[in-house]
Amino acid sequence: MQLWALGLLGLLFTLTGGVDRNNFKTCDQSSFCRRCRKVEPGDTPYEVQLSTVKIFPDHVTADILNKINQHIFTMKLTGLRGNKFHVEIDEKTPLKPRYRVTDALRGIPRTEPISVMKNEGEVVVESGNNRAVILSSPFRIDFFSGENLVVSANGKGLMKFEHLRKKPEPAAQIEEQGEAAPEENNVEKPKDADDDDPGAWEENFKSHHDSKPKGPEAIALDFTFPQAEVLFGIPEHADSFALKPTLGTEPYRLYNLDVFEYELDNGMALYGSIPVIYGHGEVGTAGVYWQNAAETWVDVHNSHAKKDVMSSIVNFVSGSKQADPPAAHFMSESGIVDFFVLLGPSPLEAFTQYTDLTGVAPIPQAFTLGYHQSRWNYNDEADVAAVHDKFDEHDIPFDTIWLDIEYTDAKKYFTWDAHKFPHPLEMIKNLTERGRHLTIIIDPHIKRDGSYFFHNDCTDRGYYVKNKDEKDYEGWCWPGAASYADFFNPDVRKYYADQFQLENFQTTTADVMLWNDMNEPSVFNGPEVTMLKDNIHYGGWEHRDVHNLYGHMHVMSSFEGLLRRSAGAQRPFILSRAHFAGTQRYAAIWTGDNFADWGHLQASIKMCLSESVAGMSFCGSDIGGFFGNPDPELFERWYQAGAFQPFYRAHSHIDTRRREPWLMPENTMLVIRDAIRRRYSYLPFWYTLFYEHERTGRPIMRPLLTHYPLDKETYSIDYEYLLGDKLLVRPVLQQGATKVDVYFPAVDGKKESDIWYDVDDFRKITTAGFETISVNNYKIPVYQRGGTIITKKERVRRAVTLMYNDPVTLVVALDKAKSASGTLYVDDEKSYQYRNGKYLYLSLEFKDNVLTAKKIDEKANYDTKSWVERVVIVGLEHVPKSATLNVSGEPQPVTLEVNKHGESVIIRKPGVVLSRKWSIQLNY
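The working numbering applies: residue 368 is where the sequence shown begins, and numbers increase by one.
Don't read these hints as lab results, they were simulated from the structure.
Keeping only pairs whose Cα atoms sit at most 30 Å apart, straight-line, the calculated DSS-like set for lysine-lysine is:
#1 LYS534 / LYS835
#2 LYS1221 / LYS1205
#3 LYS1183 / LYS1222
#4 LYS573 / LYS533
#5 LYS833 / LYS463
#6 LYS1248 / LYS1185
#7 LYS1185 / LYS1267
#8 LYS1118 / LYS1146
#9 LYS1248 / LYS1131
#10 LYS1232 / LYS1276
#11 LYS1183 / LYS1079
#12 LYS459 / LYS443
#13 LYS1131 / LYS1079
#14 LYS1276 / LYS1185
#15 LYS1214 / LYS1118
#16 LYS1248 / LYS1214
#17 LYS1093 / LYS1117
#18 LYS1185 / LYS1284
#19 LYS1267 / LYS1221
#20 LYS838 / LYS861
#21 LYS1221 / LYS1183
#22 LYS1197 / LYS1276
#23 LYS1205 / LYS1093
#24 LYS1267 / LYS1248
#25 LYS1248 / LYS1222
Predicted, not measured: the structure shown is a model, and the values here were computed from it.
My request is simple: use the sequences and hints to build the entire structure.
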């Protein structure tokens, strides 16, 4: 390996073997975080001027006065459909416009008519069954879901809004110029200005200087959740799902950064930033989406944290059941106060209120739900072919092989290394002819090379991000000297998308998919391994304003390119490392540069759960860890855990040993093969979950509290989870484990449990609580909930695309009432024709000993060849003598054989095509 090609940071990776915390700021090293954290609770200077309130059909506006410096702000509160409110606060007359995030939402939110009543000291805004109460002095907004107070903005009085102002000149300097010192320079400075903070007007970190041309412009606001017992959200962090109190420690940080071998169990910033937080308790769930793309820190307060002086007077919050309820304090470096309140009241409703704002992940091509094999890097075309052949030789399914940066010509994107990959079209054809795909990496850094067309075009057209002197910004990344495309410029986005068109990138096909990495953006010689904050983007905005959106804009451009490449015929697939609110509309994500140890395996579940409730359902981790060399046991357990996460990819660093499954000991390879084959058997279930996510916005991976909101034990469990509302998954996450404790949640907070069936032997669990389960090398503790029907395909082939017309097995798991229901979605697995009604969405129901299948959407239709091969029913008390199949339009019923098999009853080969309406009657 050539170390210079790794760049400065890559060399650091090689030498240190762990994250260097000194490369990344603490709150105390960040001037604006320092300043915001200094605000004392309970003494807010902000006051609503009730005489300025104006009422409109769907919103109200009012002025807010900072009583210390007399600066005026304007507030707009809007009622939104679906139990949501939107609040914006900006300077009334700023020196310059302040940045507003415009690309995170899926569209303009739909508003709801409001009614307004003015009382003494307050304004009550009703929207549907909800209301927001704006209190004048001190400023606060209480949000009610029905009669329950669920969120209070500025309830702790921690609001801070630093208005834009000119930099004050020191009195001594003025006197040297022969001028009298202005009177205002002799008076006490405003308490909220913090002009004397050493980083207020310009700031240094290590060798980097931030000129801060607009000076201090931080904003901050706290949100109290009076009914909550646990807070969660604000990914991405390698920490527990339930957020920990941060008073006296570091806040959680949202600032997209390239962090290799990241540490576990802390709030350090990672690759993505989604500023949505939820509070949950017995009364319900509420959330806040803080729409800000600048660097943001979040302090978490709760009843276990260090008490502050406000704790004794928080009882102003009517309806609060705790003396010091959980709260989150958002602190951002720039922008405006812009937040949405999600009123739930159930967890699922709160999650879908967020995706109603920011969008959903469109249903992906089915092959992307299979297994992905990646490495930095497969050496050449022969290596790709050999890996491809070995999967078939060992009868291990896989769908996609990935190429990292070394496939390019000297790290110039949209090119190929002519020596290692001289025949890319032939290589791609060899894959697609066997039902498989290729994914290639294309990052946002552009090599500064006078022979490189992309660099020359960006230079000539002014398409690069500028430095503070309005020159093309130059940093270091994998190619060495690099500049960065400014994706905030619509012309740049179009140009970038154009490069994916087959007439331009002629050595690819419409079946090649995309990996966008290093898009935080990563700059090896930049402050905190990223871009300077005083760089300039399109529209004159500083990088500080838009940092967390950069990767989002990158994948937006990539998505448009792939969509146009096939003239809209194929659904694009993109994997992105950086992400923000709304990125789910364009890309899947993974948990970044993890390490081959048990802690990182455990973290993969916590991290993907946090991402899922924040809209990013298509989430996974690098199987086995990106860095390091996993031992066989860790490798086995990671493959098993990954098989039940939405995105399923193995990937590893260039310095690790090769670790394709067949290179492991034979018994390990067999365990891995079993895990991958299990994944493929559940493909119809996965595909249906993704369709229903697009249809409803509900997450695919779900914390247990989603469906068991009154069971307090679930609030802290982040090592097991639900897939939809049908499967409970508890992977083996500890070294040497021969047994694991599985928690079966209580219904309605009582001791009563749903019925759960072990998917391997259909053993029944009927009581709530922990149960110790024995595990061998092959065991993955997964349980199907009684009352559900899951569809599987048990003829596992080499690739998802080859299972397209295969028959299905229906697994009917009965509840206490001996009933069950489920859904099944079918389409062409590739195109957007489903949006034109070319699909089947089926309701499956078992009741009164009859299993029925019928369309949910009657107008939709798809001519599938897939048929029902088996029906497996678990939970029957007696074995039927036979079964009768009735198919709509067929004159004669068909008698089917019924057999008992262990704890299940099997109806073999009903043979009915999925597009038909049919029923099966059990005969006793």
